[in-house]
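Using the hints provided, position chains B and C with the ligands relative to the given structure of chain A.
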Amino acid sequence: MKLKEKPTWRELPFACCIPEPGNSVYYKTGDWKTLKPVVDKTKCIKCGTCWIFCPEYAYEEDEYGYFESNLEYCKGCGICARECPAQCITMEEEVVE
Amino acid sequence: MSVTQRPKEAYLNVFAYRMAPREEYFTRGHRACQGCGPALGLRHIMKAAGRDTIVVNATGCMEIISSPYPYTSWAVPWIHVAFENAAAVASGVDAAIEALQRKGKLPRKKINILVIAGDGGTADIGLQALSGMLARGHNVTYICYDNEAYMNTGVQSSSATPFGASTTTTPAGKVSFGAGYWKKNVAAIATAHNVPYVATACPSYPLDLIRKVKRSFELKGPAYIHLFAVCPTGWGSPPELTVRMGRLAVETGIFPLYEVEFGRYRLTIDFPQGLRPVEEYLKNQRRFRHLSPEIVQQIQERVTAEYQRLKTMEKVTQG
Amino acid sequence: MAKRTGIEVSIAIAEAARQADVDVVSAYPITPQTHIVEHLAQLVADGDLDANYITVESEHTAMSACVGASAAGARVFTSTSSQGLALMNEIVYLASSLRTPVVMALANRALSGPISIWNDHSDVMNERDTGWICIFANNGQEAYDLTLMAFRIGEDKRVMLPVMINFDGFILTHVIEPIYMFDDDEIADFIPPYEPVIYLDTDNPITMGPVGVPDIYTEAKKQQEVAIRESRSVIDEVFDEFAGRYGRRYRAVETYKAEDAEIVLLAQGSVIEAAEAAVDVLRDQGKKVGAVELRLWRPFPFDDLREVLCGTSIKQVVVLDRCISFGGPIGPVLSEVRSALYLEKDKPMVVGVVAGLGGRDIHLEEYIEMFRIGEECLRTGKDAGEEPELVKIVGLRE
Ligand SMILES: Cc1ncc(C[n+]2csc(CCOP(=O)(O)OP(=O)(O)O)c2C)c(N)n1
Ligand code: SF4
Ligand code: SF4
Ligand code: SF4
Ligand SMILES: [Mg+2]
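Chains as they are written, first to last, in my numbering: chain A, 1 to 97; chain B, 1001 to 1319; chain C, 2001 to 2398.
Keep in mind the hints are simulated off the structure, nothing from the lab.
The C-beta atom is built at its ideal place from N, Cα and C for all residues, glycine as well.
Among the hints, a few may not be true.
Chain C stretches covered by chain B per the calculated footprint, using a threshold of three residues with CB under 8 angstroms from any CB of chain B [claimed, not checked]:
1) 2072–2082
2) 2299–2307
Each pair of labels, with its calculated beta carbon distance range [unchecked claim]:
3) K2003/C x K1110/B: 40 to 50 angstroms
4) E1294/B x D2129/C: 36 to 46 angstroms
5) E72/A x V1316/B: 45 to 55 angstroms
6) T2055/C x P1107/B: 24 to 34 angstroms
7) P2193/C x Q1128/B: 32 to 42 angstroms
8) K28/A x K1110/B: 30 to 40 angstroms
9) T2055/C x Q1298/B: 41 to 51 angstroms
10) H2363/C x P1107/B: 41 to 51 angstroms
11) K41/A x M1019/B: 14 to 24 angstroms
The calculated EDC-like cross-link candidates involving lysine to aspartate or glutamate, where the alpha carbons are at most 20 angstroms apart (straight line), are [as the list claims (entries may be wrong)]:
12) K4/A x E2219/C
13) K2287/C x E2241/C
14) K28/A x E1024/B
15) K2221/C x E2090/C
With the rest of the complex left out, here is chain A:
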């Protein structure tokens, strides 16, 4: 169930509570960024540092143990690139088609 952003007063849940836990995942913050992280997997040591230090937990681990930022959420802060011990993340400009 996706809650309406503009409900009528009858549709608004009791006491305007939000009955759906963690539904901010529907709210994509990816378009806040000007730079995006790009991981060079050839250098990545799969340590998870990028994952632990991302305030958005944009990083997701794939089946091979690599971490990659989900750009729908990444705000482009650059913490991951700064903290990666293998220095394999670069912040690159977002190219809009």
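Just chains B and C with the ligands now, kept in the frame of chain A:
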């Protein structure tokens, strides 16, 4: 060492981060600024607290960015009532759950009650409620995320604002160097309540933070954790340096990481090789840009003395 | 079975909370509420009430803890007075907007300054628009009965709102009255266990009190307004059930010898009994006078009031306010009664007086003076008297 170089300890135990809990109870899609230290801290805190947690959030950045209707970033039961009363609301939650479980109206299971409040909501307007909660012995962990000012309302000073920082109500000017008072030590105030557990923490040390939150819930009774959390927006620091700056605050002794369990002090991250000069921490922040070498020297002396005092406390109480 | 017992009204109110088997009591001492909370603390200490009594460090915390405890699913009781309620004010609004059905026994007392521990209604009037159900008791029996009913009303799933029971400080709190008290199991039957609509449940996590962005704030307020308006039918149901079970009937608006009266005095709280005595004196003199009690203050009983006052023998109402609306329309009760009648065609004139501030006794002659003011208005045809905006204080030393 310049901040563009990577610190050595970042390489230590680097794979240990993979062992941190994977569950996220503070979910993405929140509206914190890029590189927000408190939001990063919340992620770690919620990993430690886990599913069976009730969060009471004070008004402030973390409440605003996590709950603009219809979106919530909370995957655990959460309540916001007002700015200064999170400790009081949590006291009620604790009393209720205890009574309802005793009376058989709720199944007996361990529920972690967690307060999340800013430094303004803790050191200033909420100090009385916090003191009451600690004194009454509620089973609550109170975490103050300290971004050293009222950020949500536009970077006004709080009593946790550090000496010399320029804020919108302690602006540096022709005749002023910013906040002319020393940061209030709320962890010390909490410790004076003789509660089982008090700690300081920082999201730049996620495993230390996670361990401390877990420990606070293991011990029966109230706990207070003071979380140093870098705010790029309010401090005028580059967002990518959030984690680095937290580390520098610890490495310079500006914000030592320690815990006090039943009165026994322990520095959980220590630097036997010595502290870095405070200047390394101060220099990347717009709020300190105006500081004269004399003021920096005053800060240095104070930090060195405070760190020494902590070391002494550690020695004396560990005995 | 009910036993008639000579008991201090404060103790009876505390006993009502015990009989309701509250889970959490959170309160901060203030005269003249103290005997209520002291007795509750003793009940808990003796194991006669299985509740957690939170010894808070302020009323602000008292109300905050009530909201937290209620949000966690507990039945919650608190009591305060005057400055205590004023200090709670911020959170009083939260209790209603979060729909936490806290029950509060309010020992009415004047607001500072100058500081006064004595009775008037300035404390409750300050909270008029907080979204609480608000009922007045005019004697100890009513205070006990209404405290019991407050749990039924507030916790009804169709309502889920906090309830404030008002009774005059000292005048009621500190007197011993013969009160019919019910057996515990009778009350257990009348007040079933509390079942929250939503609560802080780790198996079903919800977010309570999110940011009310402009897109929903208005809708949230409308929801609250509908809830308190619709609580009226539940209040009547509970009054009816209470009357059926126990034989005492409560009404939103009570009347005394008003059926054929031309002039009535309208008031709230314990003064109504003295006003009735004045009515008797004047009736003996052949005057057609009566008294009207506005028992239910929120939700405001518009229809009941119109039914009593409009299209009847009543030509003049004298409203007694126990509180001044500084620089405004004399007192809050006057302005509400007037506006309730505004659209009516066949309505009486309404004049307002203020009396009994900060514990000042209102003597029989003063009630008679209030009726005289009414008579004067009626005689001159000047609805609100010669100077309509002048705050007419009866019992003032000029
Ligand atoms: C009683 C009251 N006074 C003032 C405010 C306005 N206000 C809201 S949040 C805030 C500052 C919060 O500062 P802090 O606790 O440090 O949290 P931060 O915003 O920095 O995360 C203020 C002053 C309020 N909401 N309530
Ligand atoms: S921090 Fe760098 S090395 Fe470690 S997993 Fe992420 S990308 Fe790979
Ligand atoms: S740039 Fe920031 S938000 Fe984006 S993935 Fe890296 S740490 Fe996360
Ligand atoms: S102002 Fe600071 S604390 Fe608040 S959301 Fe932005 S970065 Fe975080
Ligand atoms: Mg702050």
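How the hints compare with the structure:
1. Interface restraint, the segment 2072–2082 of chain C with chain B: holds (4 residues with C-beta to C-beta distance below 8 angstroms; minimum three).
2. Here's how the segment 2299–2307 of chain C fares: 0 of its residues keep a CB closer than 8 angstroms to some CB of chain B, so the rule of at least three is not met and the hint is violated.
3. A beta carbon spacing of about 44 angstroms between K2003/C and K1110/B agrees with the range 40 to 50 angstroms that was offered as a hint.
4. Between E1294/B and D2129/C the Cβ separation comes to about 55 angstroms, which falls outside the hinted range of 36 to 46 angstroms.
5. Under the hint 45 to 55 angstroms, the C-beta atoms of E72/A and V1316/B, about 53 angstroms apart, fit the expected range.
6. Look at T2055/C against P1107/B: about 28 angstroms separates their beta carbons, and that is inside 24 to 34 angstroms.
7. As the Cβ distance of P2193/C to Q1128/B is approximately 34 angstroms, the hint placing it in 32 to 42 angstroms holds.
8. A C-beta distance of roughly 36 angstroms is found between K28/A and K1110/B, which places it inside the suggested range of 30 to 40 angstroms.
9. Hint check: T2055/C to Q1298/B, Cβ distance near 43 angstroms, so the stated range 41 to 51 angstroms holds.
10. The given range of 41 to 51 angstroms is broken by H2363/C and P1107/B, whose C-beta atoms sit roughly 60 angstroms from each other.
11. Evaluation of the 14 to 24 angstroms hint for K41/A and M1019/B yields a pass: the beta carbon distance comes to about 22 angstroms.
12. Proposed proximity of K4/A and E2219/C is supported: the alpha carbons are some 12 angstroms apart, at most 20 angstroms.
13. Proposed proximity of K2287/C and E2241/C is contradicted: the alpha carbons are some 37 angstroms apart, above 20 angstroms.
14. A hinted pair counts as satisfied when its Cα atoms are at most 20 angstroms apart, and K28/A with E1024/B qualifies at roughly 17 angstroms.
15. Distance check on the hinted pair: K2221/C and E2090/C sit about 16 angstroms apart at the alpha-carbon level, within 20 angstroms; holds.
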